[in-house]
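*Asks:* Chains as they are written, first to last, in the working numbering: chain A, 1 to 395; chain B, 396 to 766.
Any given hint could be a false lead.
No farther apart than 30 angstroms at their CA atoms in a straight line, the calculated lysine-lysine pairs in the DSS-like style are these [what the hints assert, rightly or not]: (1) B:K639 / A:K222; (2) A:K222 / A:K288; (3) B:K753 / A:K2; (4) A:K2 / B:K605.
Quick look at which bits of chain A chain B covers, simulated, 3 or more residues with Cβ under 8 angstroms [claimed, not checked]: (5) 182-189; (6) 338-349.
Calculated from the structure, these hints are not laboratory results.
Where a beta carbon is used, it is the ideal one built from N, C-alpha and C, also for glycine.
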Amino acid sequence: MKKITALALVFNMIFLTGCWDSREINELGLVMAVGVDKKKGSGIYTVTAQIAKPSSASGQGGKSGGGDQPVWVGSAEGKTIFEAIRNLAKFSSRRIMWAHNNIIIIGESLAEEDITPVVDFFTENPELRMKTWVAIAHGDAKPFIAAKTGMENIPGISMAELFRYHQLPAESVATDMLNLFRDYKSETIQPLVSALTLKTENSPGGSNQVELEGAAVFQGAKLVGWVSPEETRGLAWVRNEMKNAIIVTSGVGKEKQNLSVELKGARAKVAAQVTGEIPSITIDVTAKGDISEIDSPTDMAMSELKAKVEEESVHVIKREIKLGLEKVQKQYKCDVLGFGRAVHIANKDLWYKNMADKWEDVYPQVPVIINVSVNIESGALFQEPTNIEKKSGKD
Amino acid sequence: MKEKIDRLQFFFMIPSILFGKAIGITAGVIARKIGADVWTSMAIGFAFGIIIALFMVYICSKFPDKTMVEYSEDIFGKWIGKFISLVLGVYFAYAFAISSNVITLHLKEYFLTQTPYIILCLIYVVLCTYGVISGVEVVIRFSFFGFFMLWLINITMILGTVQDFKFVNLEPILDKGIKTNIINSIYTFSDIGMVIMALGMVYPMVSKKKGLKAITVSAMIVGAISVLIWPFFEVGVLGADVMKQFVVVCMQQVRSAQLTRYLPRYELIMVTFFVWSMFVQSVVMFWSSSYCFKSTLGLKKDRLIVLILTPLLVLLTNQLGKDHNNYINFLAFPWSQISIGLSIVLPLMFFMGLFVRKSLGRNIGNTKGRQ
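Make a model of the complete structure from these sequences and hints.
*Replies:* Written out as C-alpha cells, the structure is:
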C-alpha cells in the first residue's frame, strides 16, 4: 500500500507541476487597456493594446531609465479579433495576458456595425474579468489607447478610475462587461454603454485627455446614436445609476440664486400599468440631499429655502428625465430603460401573447408618467443659509 | 459493516454530495429550459427530493446493517439482487464520472486550458482512488470541513456580487408557470439522485441510527438552501439569458464577483473552497460503485475492484467530459431521467417487495450485513 501511495505521489508531483500551463510573469505582457476597431465595410479588425512595462510602470525607472514610457502600445490587424491579437505576437516580445485589463474600448464604426464579436471574444476568454470596463469611443478606439491621459503612470488605470468616480459629475454611465453582456442578451432591455471622447481643452498645453461623458445607445448589437451628458443624467436616474450626484438648481427665491444640491440615496422604480392596447409606464424617483453651495446671500430661513430647493430639484430631475426619454423613446426607439421588462413583470401572459413580438412598435407610443420626490435634509454644515449681517456704510 | 461514521458526519455528508454540481452545472441546464425560473424549479425539485430521501431512509431503517445492494438480494432473491447491484454499479460509475467532470471542467476551462484533459481526469481519479483506498468513512468524516468551506463560498460569493444583484432579473416569479416549473424540476434529480442512492449505501455505516430520518430531512433542507442561494444570485446578477450561455455557470458567477477592488479575482478561491465537498461526492460515488461491482462479481478484495475500476473511470471521465457540450447534453438527457427513475422506482420497489414479503409472512429485516 505504501508503495502505491508513494508512486501516486510521485506521479502527481510530475503532473501537477503545471508544465502545460506554466507562464512566467517576466514573459507576460499585461494588457492595461485594449481598443478594437473595424472600418465600415471592411472585414479587418484592428486591435490596439496598451501593455505595461514593469520597470517603467513602477515609477522607479530601473535599467531602462526614467525617461522610458511606462506602457507599450501595439496594434495589429486580423480577420477576427483573435487573429489580430495573435498577430500582435509578431512584434510583441511578451505573450499577451488579459487578466489585468482595465478597459475595452470599441471604435464607433465597429459599434455601428455590430459589437457581437467583441462581446463574444471577451466573455469567452476566461482570463478577462467580467468587471472590466467597456466604453464606446467617439471615432476610432486606437487614439484613446495611445493617449497619455490622467495622473496615473499607466493611462489604462487612469481611464478605469474615470469609471470609478463617474458618479461625481454623473454625466455618464459606468458599463462593465457583465452589464453589457446582460443587456446585450436580454430580450427586454437594450444596452446603454459608456462613451469616451478625446479632449485637449481639459489639459492646457498638455496632451489629449480621455473624458467619460454621455453614453452610446444600442439597438441589440448595433450603436444607433449618442446621448448628451444631460440626457445621460436623465437616463441614469431611471436606471438607478445616480447614487451620489449633484444637481444645480437655478432661480431659487427672489434672488434667483443658483444652488448645488448633493443628492444621496436616489432610487427609481419603473412600473407598468397594463389596461388597454398600449401599456403605460410610471417612473417614481425619490432622493435625499443636502444643500452644498449657494451662490449669493439670501434672506430666506432654512426651512423656506429647503422647500424652494426641493421644488426646484424636482423640476430639474423631471426635465433631465424627459430629455433622456425623448431621445431614446421617440428618436432612437431603443428601450434602454427596461420598459419592456416592466410590462413583462406587470402582466406576463399579455407580454407573451401580444406584446413581446411587437414591442419595438409599441414602445415609442407608451405614455410615461414621471413622479419625483426630493427631500432636502440639511444645509450641509450650516444652521442658517449664508446671509450678510453686517450693515452697509450708509446704515 | 466495519466502516463507521457518526450522525453528525452523516448530516454533513448530505449537503456535500448535493452541492458541487448543482450550483453551476445543473443550474445552467435548468436555466436553458426555463430561464429565470431556475431557482423556483430547483426549489420544487428539492421539495420532492426531500420526501423521496426520507422514504429511502425509511426503507434503509428496515435493514439497519445492510446496504441496499445486500437487501435487494434479500428482498428479490440472488439474481434480481445481482442485477440491481450491477445497475447501481453502472449508475455510481457514471455518477462518479459526472462528479469528476465538475472539477476537471472547472480546471480545464478556467485555469489549466493548455493541459490535456485526460491528464486532469487521471490526476483527479487517482486522488479519488487514494480516498477510496484510505476508506470512504475517512473521507465522509471531513464532510464537516467540506460543509464549512461550501458556506465560505456562499458567503464570499454573496459579498462579491451583491452590488450587481438586481431583483428585477428574478421577476416575474414563476414566469413560465407552475406546471413548467414542476416538469423541469426533474433535472435537479441528477444531484438529488446521488444523495438518495448514497443514502442506501452509507446508511449501515452510521453507528447510532436513532433520529436519522429527522437528520436526513434537516440535512436535505440545509443542503437545498446552500444550493438555492446560487441560482437565486446567478439570476439576480448574471440574468437568465447570460446563464444560458455558459457551461459552468457558477464559475461565470464568481468571474463576475469582486471582493473589493483589492481582490478583483475570485475564481481560484472559489475552486479551493468547493473542491472539498466535491471530493466527498466523488469518493462516495466511487466507493459505492466499487461496492456494487464487488457484490455483483462476488469478489472479496476491495482493492482489486478499486484498481480495476480506476483506469476505467479515468477513461469514462475523459470520454464524458472532453466535449463539454456533450457532457451537458448528457446531463439534460438521459442522465436526469435515469436519476429520477432510479430515485423513485428503486425505493418503491424495495417498499413493495417488503410489503409482499411481509404479506407472505417472511421476515427478512434486521439480519446481519455481509461486512
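*Asks:* State for each hint whether it applies.
*Replies:* For each hint, the structure was consulted:
1. B:K639 / A:K222: holds (22 angstroms)
2. A:K222 / A:K288: This hinted pair is violated, its Cα atoms lying about 37 angstroms apart.
3. B:K753 / A:K2: violated (49 angstroms)
4. A:K2 / B:K605: violated (38 angstroms)
5. 182-189: holds (count 4)
6. 338-349: Three-residue rule met by the region 338-349 of chain A, so holds; n is 5.
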